[in-house]
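Enquirer: Read top to bottom, the protein sequences are chains A and B. Counted the way the working numbering counts, the first sequence spans residues 12 to 264. Counted the way the working numbering counts, the second sequence spans residues 12 to 416.
Derived by calculation from the structure, the hints in this document are not laboratory data. Careful, some of the hints might be misleading.
What the hints assert, rightly or not - Some chain B residues judged to face chain A by a derived CB distance under 10 angstroms, without partners named:
{"#": "1", "residue": "N28"}
{"#": "2", "residue": "L30"}
{"#": "3", "residue": "A248"}
{"#": "4", "residue": "Q252"}
{"#": "5", "residue": "D408"}
Stated by the list, open to error - Residues from chain B that keep clear of chain A, each with C-beta distances beyond 10 angstroms, as calculated:
{"#": "6", "residue": "R13"}
{"#": "7", "residue": "T17"}
{"#": "8", "residue": "W129"}
{"#": "9", "residue": "V330"}
{"#": "10", "residue": "H333"}
{"#": "11", "residue": "V351"}
Glycine residues also receive a C-beta, built at the ideal position from the N, C-alpha and C atoms.
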Amino acid sequence: MNNGALVRLVDVHKVYRTGEMEVPAVRGVSLEIKRGEFVALMGASGSGKSTLMNILGCLDRPTTGHYILDGADVSGLDRDELADIRNRKIGFVFQNFNLLPRTSARENVELPLVYSAQRLTNADLREKADRVLASVGLAGREDHHPSQLSGGQQQRVAIARALINQPEVLLADEPTGNLDSRTSVEVMAIFQQLNERGITVIMVTHEQDIAAYAKRNVMMRDGVILNDHLVSQRSDAVSQLRQEHASALQPTK
Amino acid sequence: MRIAPTFNVALRALRRNKLRSVLTALGIIIGVGAVIAMVGIGNGAKAQVEAQIASLGQNVILIFSGSTTSSGIRTGWGGAGTLKIEDAEAIRREVPGVIGVSEEVVSTTQVAAGNQNWFTRIYGESADYFDIRQWPLADGAPFTAQDVRSANKVCVIGRTTATQIYGNENPIGQILRIKNVPFTITGVLTPKGLSPQGVDQDDIVVMPYTSAMKRVIGGATLRNINVQIGDPGQIAAAQQQIISLLRQRHNIRPGRDDDFTVRTQQEIAEAATATSRVMTVLLGAIAGVSLLVGGIGIMNIMLVSVTERTREIGVRMAVGAHGIDILTQFLIEAVTLSSVGGVIGIICGIGASKVLSAYANWPTLISISSVAIAFLFSAAVGIFFGFYPARKAAALDPIEALRYE
């Protein structure tokens with residue numbers, strides 16, 4: 012038993028049943044992720060990475076095998092127990108942001124607290140949400156609706172929402188899929204900064220250059236892990252942004 | 012379950028779609044408003060009919076003269092003049108349990124006093140009339156049995172007649188000329204107000220029937236006879252005896268129809284209240300249909316809302332909402348729409364009843380119980396029609412819901 016493992020998958024299989032057919036999506040994955048890691052889960056569509064992500068996010072249960080999250084086996088929990096685990100331990104960031112429309116950034120960020128066991132007063136909720144929004148650089152935009160924010164800002168609201176319950180792990184499903192390259196770097200900068208503060212990040216992506224911001228890459232194909240390696244030449248989003256900023260200040264010739 | 016925050020969430024969702032929420036609630040507003048107003052009208056009519064029946068007096072049997080057919084023209088009740096004064100005397104004499112009999116003749120004519128005149132109704136009655144109708148005098152004294160026997164020129168007048176002819180003067184002891192016959196006014200009746208048909212019951216002159224027949228109206232037959240029975244248990248027997256007595260006196264052979272009609276107050280009350288009860292049920296049912304339609308409107312909108320907000324439901328589940336939280340949220344939305352609609356509907360219904368009472372002169376009666384039932388029913392409509400969409404929302408798979416486009 013590895014005490015340092017936050018996430019431990021033991022021979023996880025997931026089989027979907029469509030009518031008579033049994034379609035295996037994940038076929039025996041064992042994986043350990045320690046606290047403080049930044050993992051990019053990669054693979055082509057159909058490789059089983061999304062299914063694995065759903066299992067890691069406690070949105071789905073493995074057909075066989077075990078999932079030990081933070082020392083507790085969650086593979087046998089029911090719907091409501093999984094919902095509580097998601098609420099306490101997991102922060103989600105989606106490709107399409109999944110913010111509630113016509114709802115202020117603050118209310119979007121407060122959402123996980125509504126379903127949390129701890130009871131906060133409205134003032135506490137508000138203060139907490141505003142603090143997390145400020146930490147992702149959205150101070151002053153608390154009352155904006157998603158439609159009044161750019162894609163990058165919307166994704167930052169989503170990150171703030173994922174962080175509000177101080178989760179053990181941040182799960183991001185193609186977080187830059189809907190963003191331009193510059194905004195993608197901004198989001199990666201936030202992820203790297205959060206990771207440096209000790210938050211474990213697991214990110215699904217199919218883009219090699221985005222995966223390069225992670226510390227470790229796990230490649231999947233046909234429902235199994237193809238290879239699992241540390242990133243040798245890691246991209247640093249913060250310094251990239253700084254350079255870009257500096258070159259923008261140069262007078263054009 | 013987290014009721015308080017879920018409540019907030021539900022209310023916010025309703026506020027986000029204000030127009031839709033208002034329109035959905037409108038279905039319930041109209042439904043509940045219609046139920047309240049319609050049942051109010053029905054109950055008002057029923058109460059009025061009951062009051063009218065009660066104003067006939069206690070334990071009363073009414074005998075109407077029959078209709079007759081002359082040259083193919085049927086005259087209606089009282090037209091044939093088959094009831095004679097002797098019939099009334101025979102009833103008084105022979106039917107057990109009778110405590111009062113009033114021979115009645117009715118006409119309308121011009122009456123005058125000084126330089127004032129007025130068109131009013133003349134009722135010829137016996138001295139028992141005021142007891143039978145339970146109609147005491149406000150002032151003065153009624154005419155007596157002696158006045159009836161002697162066909163004295165005395166009368167009692169209603170409040171309206173008194174005001175129209177004498178204004179603020181005291182009419183008692185004054186002379187009222189009816190068809191140029193001077194009558195002395197002995198008393199003024201207590202006001203009874205309008206009848207359900209809108210007839211002013213106080214616009215009346217009551218005099219001994221003998222005087223009316225001899226000096227004002229003419230003729231030798233009665234329009235009807237009012238009989239009062241002392242013991243309510245004897246009414247049915249008395250009714251039978253009156254029928255056989257009158258058939259015998261009118262020489263009607265077995266198998267032929269009566270040339271008179273006997274109705275007990277009970278029968279009149281039952282017929283009248285049955286009619287108004289049927290009307291109340293009918294009106295309520297029609298209004299209930301609109302409430303049902305309003306409920307279907309809620310269900311429709313909630314189903315649309317669940318589909319439209321599938322992604323939202325997915326997000327809520329992803330961040331930790333249980334199925335019951337989602338169910339509660341949508342149920343609260345539905346019940347809020349229906350019960351807020353119900354409250355506004357009750358207010359509108361009461362308002363509509365007041366308007367109908369004021370302008371259409373329809374009596375309406377809103378009871379606390381009908382308001383309470385309407386409110387509970389509207390809340391129940393919300394639960395009933397909101398449950399299916401809410402359960403559908405709660406049963407969504409978070410992965411599918413998050414992916415929903």
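Enquirer: Output the numbers, in ascending order, of every earlier hint that fails for this structure.
Expert: 2, 3, 4, 6, 7, 9, 10
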